[in-house]
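Visitor: One-letter residues, chain by chain:
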Amino acid sequence: MKPGDQIQLDGVQIGKVVQIGLKDMRARVAMRIDDGVEIDADAIAAVKTSGIIGDKYMSIALGPSDRILKDGDTIRQTQSACVLEDAIGQLINNSGSGGDSAKDKSSNSDKGQKPGKSEK
Amino acid sequence: MTPTSIQRILSRRAIAMLALTAALVVSLAPSRFLSPAWADDPMSVVKTTVNQALEVLRDNQTPLAQRQDKLRQIVSATFDFTEMAKSALGYHWKQITPDQQQEFTKAFVAFIEDSYLSKVNDYRGQKVAFLRVTTDGPQYAEVNTDIVEPEGKDPIHLNYRLVQEGATWKIYDVTVDAISIIANYRNQFNRVMNNQGYATLISDLKSKQAALAASLANH
Numbered sequence: 001m002k003p004g005d006q007i008q009l010d011g012v013q014i015g016k017v018v019q020i021g022l023k024d025m026r027a028r029v030a031m032r033i034d035d036g037v038e039i040d041a042d043a044i045a046a047v048k049t050s051g052i053i054g055d056k057y058m059s060i061a062l063g064p065s066d067r068i069l070k071d072g073d074t075i076r077q078t079q080s081a082c083v084l085e086d087a088i089g090q091l092i093n094n095s096g097s098g099g100d101s102a103k104d105k106s107s108n109s110d111k112g113q114k115p116g117k118s119e120k
Numbered sequence: 001m002t003p004t005s006i007q008r009i010l011s012r013r014a015i016a017m018l019a020l021t022a023a024l025v026v027s028l029a030p031s032r033f034l035s036p037a038w039a040d041d042p043m044s045v046v047k048t049t050v051n052q053a054l055e056v057l058r059d060n061q062t063p064l065a066q067r068q069d070k071l072r073q074i075v076s077a078t079f080d081f082t083e084m085a086k087s088a089l090g091y092h093w094k095q096i097t098p099d100q101q102q103e104f105t106k107a108f109v110a111f112i113e114d115s116y117l118s119k120v121n122d123y124r125g126q127k128v129a130f131l132r133v134t135t136d137g138p139q140y141a142e143v144n145t146d147i148v149e150p151e152g153k154d155p156i157h158l159n160y161r162l163v164q165e166g167a168t169w170k171i172y173d174v175t176v177d178a179i180s181i182i183a184n185y186r187n188q189f190n191r192v193m194n195n196q197g198y199a200t201l202i203s204d205l206k207s208k209q210a211a212l213a214a215s216l217a218n219h
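These protein sequence lines map, in sequence, to chains S and H.
1 is the number of the first residue of the first sequence in the numbering used here; add one for each residue after it.
1 is the number of the first residue of the second sequence in the numbering used here; add one for each residue after it.
For reference, chain S alone in the conformation it holds in the complex (with noise of 0.2 Å):
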């Protein structure tokens, strides 16, 4: 991944990365997320690619909890870029547009094809 790649919530755009680093030896992705985007504690954020040798983008998988992330907040649960899907070809429709952007958030992911858990 890289810095100004997509966020996406069910195929739309709904923010980009800003940056990408690492802490505790493990990927750490800032991500700036639009306004009026709720995304809540138990979300999957998911390195997905558009396409077998497209851009790399961050898929947000919404999940149960009632508790909304809040500015600064991390998401905990995340997966690798070598997800069943994209063995299988069942590749994910990335079209989408975006807006502008207020929020930021940020996962983390181990180095390499490994998922890591994430910080609050």
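Honestly, the hints are just simulated from the structure, not real lab data.
The model shown is predicted, which means the values in this text are computed figures rather than measured ones.
The reader is advised that the hints may include incorrect statements.
[Unchecked claim] Straight-line distance between alpha carbons at most 30 Å, and here's what the computed DSSO-like set of lysine-lysine pairs gives:
(1) H:LYS119 / S:LYS23
(2) H:LYS47 / H:LYS106
(3) H:LYS127 / H:LYS47
(4) H:LYS94 / S:LYS70
(5) H:LYS206 / H:LYS127
(6) H:LYS119 / H:LYS208
(7) H:LYS94 / H:LYS208
(8) S:LYS23 / S:LYS70
(9) S:LYS16 / H:LYS94
[As the list claims (entries may be wrong)] Between beta-carbon pairs, the in silico distance windows are:
(10) S:ASP10 / H:SER215: 44 to 52 Å
(11) H:ALA217 / S:ASP71: 48 to 56 Å
(12) S:ILE20 / H:ALA214: 43 to 51 Å
(13) H:ARG132 / S:LYS56: 21 to 29 Å
(14) H:PHE130 / S:LEU22: 24 to 32 Å
(15) H:PRO63 / S:GLY4: 42 to 50 Å
(16) H:GLU55 / S:GLY51: 43 to 51 Å
We treat Cβ as the ideally placed atom computed from N, Cα and C, and that holds for glycine.
Using the hints provided, position chain H relative to the given structure of chain S.
Guide: Frame of chain S, contents of chain H only:
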């Protein structure tokens, strides 16, 4: 991703299903199998569970149905299935009625159990290496293990995600070679819920579980 790498992933997935079976199978009822140290830390929970499961998998003398029952007990003692079902359904969980939540949880648990129990006979002597624990605050932990193949093949990375519930640590997700079980089910269920709705999802889940149950009964 090349066809070869896809084939390799799918092949490893089949092995990983077996590895997960081992993980799911060996966590017998706490009152019968567990010492007080059981609840102390995530590594003890996983180690005890996996070692007990391997014992059942290695036991070729006991009839298959009894071994499957043992594994079922182990799983229910260690895995937080209600939380797994809820998490797998994602935000749609809040959109269905309490009766539907109960129905979905029951169907999901039966489906998961039968999926992995159907692999019990595929066990080929794999061993488990317990590697490390990483914590994420006081409530969450991840235990990293490797499934070591007998013929010197690459190990399968099997990680357990646990949450502390009172004095007990419960497994709420498992990743197999970096693939999260819950994340994958959430993606699949989300697609069905968005396109066809709850009625189709529960119907499909029940049909698949019934087919698996029939297959188990015929073993």
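Visitor: The structure should be examined with respect to each hint, and the outcome stated for every one.
Guide: Consistency of the hints with the structure:
1. In summary, the hint linking LYS119 (chain H) to LYS23 (chain S) is not supported, as the alpha carbons are separated by about 39 Å, beyond the 30 Å threshold.
2. The hinted pair formed by LYS47 (chain H) and LYS106 (chain H) meets the criterion: a straight-line CA distance of about 27 Å does not exceed 30 Å.
3. Restraint check for LYS127 (chain H) and LYS47 (chain H): the C-alpha separation of about 12 Å stays at or below 30 Å, so the hint holds.
4. Among the hinted pairs, LYS94 (chain H) with LYS70 (chain S) is consistent with the structure: their alpha-carbon atoms are about 20 Å apart, no more than 30 Å.
5. For the suggested pair LYS206 (chain H) and LYS127 (chain H), the alpha carbons sit about 33 Å apart, so the restraint of at most 30 Å is broken.
6. Distance hint between LYS119 (chain H) and LYS208 (chain H) is fulfilled; the C-alpha atoms sit about 16 Å from each other, no more than 30 Å.
7. Annotation: proposed proximity of LYS94 (chain H) to LYS208 (chain H) holds, straight-line Cα distance about 24 Å (limit 30 Å).
8. Between LYS23 (chain S) and LYS70 (chain S) the alpha-carbon distance is near 20 Å, which keeps this suggested pair within the 30 Å criterion.
9. For the hint linking LYS16 (chain S) to LYS94 (chain H), the alpha-carbon distance of about 27 Å falls within 30 Å, and the restraint holds.
10. Between ASP10 (chain S) and SER215 (chain H) the beta carbons are some 34 Å apart, a value that contradicts the proposed interval 44 to 52 Å.
11. Distance hint check for ALA217 (chain H) and ASP71 (chain S): the Cβ-Cβ separation is about 54 Å, which falls inside the suggested range of 48 to 56 Å.
12. A hinted range of 43 to 51 Å holds for the C-beta pair ILE20 (chain S) and ALA214 (chain H), which are about 48 Å apart.
13. Between ARG132 (chain H) and LYS56 (chain S), the C-beta spacing of about 28 Å keeps the proposed range 21 to 29 Å intact.
14. A C-beta distance of roughly 26 Å is found between PHE130 (chain H) and LEU22 (chain S), which places it inside the suggested range of 24 to 32 Å.
15. The given range of 42 to 50 Å is broken by PRO63 (chain H) and GLY4 (chain S), whose C-beta atoms sit roughly 59 Å from each other.
16. A beta carbon spacing of about 46 Å between GLU55 (chain H) and GLY51 (chain S) agrees with the range 43 to 51 Å that was offered as a hint.
Of the hints listed earlier, those the structure fails to meet are numbers 1, 5, 10, 15, in rising order.
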